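S.K.: With chain G held as given, fit chain F onto it using these hints.
One line per chain: the protein sequences are G and F, in this order. In terms of the working numbering, the first sequence opens at residue 14 and continues consecutively. In terms of the working numbering, the second sequence opens at residue 4 and continues consecutively.
Hints may contain errors.
The following residues of chain F were derived to be distant from chain G, with all beta-carbon distances above 10 Å [what the hints assert, rightly or not]:
id, residue
1, Gly14
2, Leu82
3, Ala97
4, Val178
5, Arg181
6, Ala202
7, Glu206
8, Asp230
9, Tyr235
10, Phe255
11, Glu257
12, Pro258
13, Arg305
Distance windows between CB atoms, simulated [to be verified]:
id, chain 1, residue 1, chain 2, residue 2, range
14, F, Ala313, G, Leu37, 41 to 49 Å
15, F, Tyr187, G, Met168, 49 to 57 Å
16, F, Lys323, G, Ala183, 26 to 34 Å
17, G, Leu37, F, Tyr187, 31 to 39 Å
What the hints contain is simulated information worked out from the structure, not anything from laboratory work. Given the structure is predicted, the values throughout are model-derived calculations rather than measurements. For each residue, glycine too, the CB sits at the ideal point set by N, CA and C.
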Amino acid sequence: MATVTMDMNVDTISRAHRSGQTALSRLACLLIQPLLSRVVRRIADRHPSLFARLGPHQSTDFLIDPVELPFALHLRPDPKALVLRAVPRAAAPQAGAIIRGRFMLLLELIDSQVDGDAAFFSRHLEVSGDAEAVVRLRNALDDVDGSVAEETAEMFGPPGRSVLTALRRAYPNQSQGHSVR
Amino acid sequence: MNTAELICPAGTPAALRTAVDAGADAVYCGFQDATNARNFPGLNFTPEELRESVAYAHAKGAKVLLTLNTYPPAGKVDLWRQAADTGARLGIDAFIVADMGVADYVARSHRGIRLHLSVQAAASSPEAIRYYCEHFGVKRVVLPRILTIPEIREVRKEVPCEIETFIFGNHGLMVEGRCSLTNYLTGQSTNMDGVCSPASDVEYTRHDDGSISSQLAGFTIDCFGPDEKAGYPTICKGRYTAPHRSEGYYAFEEPVSLNLSRLLPELIDAGVNAFKIEGRQRSKSYVREVVSAFRHAVDDIRAGRSANVADLVALTEGQKQTQGAFETKKWR
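Isolated chain F, as found in the complex:
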């Protein structure tokens, strides 16, 4: 049987240690700058922290994957190249990249280090994936969250690299790596600055009736009633009024998280080589709970037992979960 690796998030060194101790096969993380898509305030690693973290992970048999999964603005590639050089010097096990220029630099400059293609590259067809494999030596592709399991099975047959899929966490898929909604409102880019809904532009207002409205750059995104669960202040999960929908509706997506705990055996059978848990912006508590749950599940499957994953709904956005397109294309 294919033995899927568990790829886990870390926003801080403490979270990385937590993930490793909870059973991560590999942990992905980034530097404190625009080279990664979770460039959030107070999050991520200094080079010294990464050096110590790599040592910690390697001592416990886990790998460290460095996310360089944003797109350099034209002509401003130095930050990404320097980050790649630093990561290589510190002994990381693989780069996760989205931009072809970054992929080309890593492929030429750091031949001995594996190259993984980020979900931000939005490579979902065999043709696209093969292109990255042939030109940049990509060893693994993280698939966009838009394919059904039968489609993943077919893709796997036609590509010469490993496949990684998300199994839990934020489900803001849109057209991954192409979303410009934050840029439209704030001037900062999810794909080039690494900030989706920058915290500096977010404001919450509590109203007298107990409802709370969330705003981004002065635009109201949602208003949660007193007894409603809340979601992230992201435009794609906002609830809007329109001339034909005066009651307010989710125009793009809903506040909901992906949870594929029930589909793990099918995903392994389809040839998925690695399972990714989203959430570098989340706490150690989240990392501990989610990684532990999926570690047990994957181990159960490997041992031929049925997996019994702990209930994780309390950690999900809006306290709702979905199997998304993995189950059916009709999910929205």
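Bound conformation, chain G alone:
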């Protein structure tokens, strides 16, 4: 499994361009892609109702940017041609909407463990591009019962649960919306 370094002191939004970043990014994307494909298909199968709330934005390209990870995620939530792929930022597609924040914050937003408006007020979350697309995606995910993160972890059994537990330990204050800057 790929090891991804998470710098807890990194600024929420800005990031330095380091040499070798592109190579690391491509490698990380390569390793994580099979996982993403499986996860997104599983979520779509288990929660088909979320697509209705997306309305016309099922075909919008979202760029979800976990700022401390070496790649971003390209999501096109089209139930007929679902896309979730890891992309090096330098090779990211033209996105209709961009959602940017720290990885665990984004994960907790998906799970409704934190409030998106509060994360925006605190400046831990940034959005740009089509704001309506972002609002629709947020509302669609918020109507999902249960935890997408835990469902994903369950797919991989005990190792999956261990990774999720480790991630939550690495971000002890995230769910309170504090101390991530």
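M.R.: Same frame as chain G, but now just chain F:
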């Protein structure tokens, strides 16, 4: 002692279940159209979702209040009438209305269902409230957020209906039900289309220095410095420059949320029958946290204990809170 009900927001069925499970006495929600003042993309209920939600709430002893709190454009009342008929058929417990025509239709067509007067009706005087009670049988009025607690006490003595007040959430009061700022910039109406600052007209731009500007329909509303907290992209909370104020200032209101957690005992003593939490556009996380906090507080007060409400400032707009006009008319 008067036992105030806790009236909680739900923008989705999942949020409704969350509110009920967190201790809501009643949940208010709306359909996916212009009949309610949170007609936001991806939000609200289909009739089938409302049917299931009413069943869930009733099974747990909670009520469901249907918001029909926008104003039909002249001659276009069918959508509101159909929504009222659907709500009645699905077993909702009360309608929340603002428009007199909608109130009249509900009063005539659905006599067995309670009628609540929305804050959007801006009825703040005993005379206005009595008018709605006498002509449409209104059982409860949601007061505009412009009255002090002594004023609420006086109003309560002079009206024949229950009183509901907001206790937490968005504090964009302006002249409630009369604000045309969004309409002026976007062509869409908060009061008739149910959209305040429609997301399709909102744009955020990040600048090189880390500041972020928010725009509505191409007009810059605010620019938040790198370390400043942010607010909603609403015109009433914007920060503007003017010939006499070149540094930028809040011309109308500030990004701030209402929080009356410290005033709950006084409000109950003044005769308030129900406490309303704003935020149908917010997440399940917000609903869970805020409803739980106020459930505990209200229960403590009912039991004669002092209420100790959790710190909710992290959920407030601009991460600032106020007691607004409830504390003093001089708050702005």
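S.K.: Can you give the numbers of the hints that this structure goes against, from lowest to highest?
M.R.: Of the numbered hints, 1, 6, 7, 8, 9, 12, 17 do not hold.
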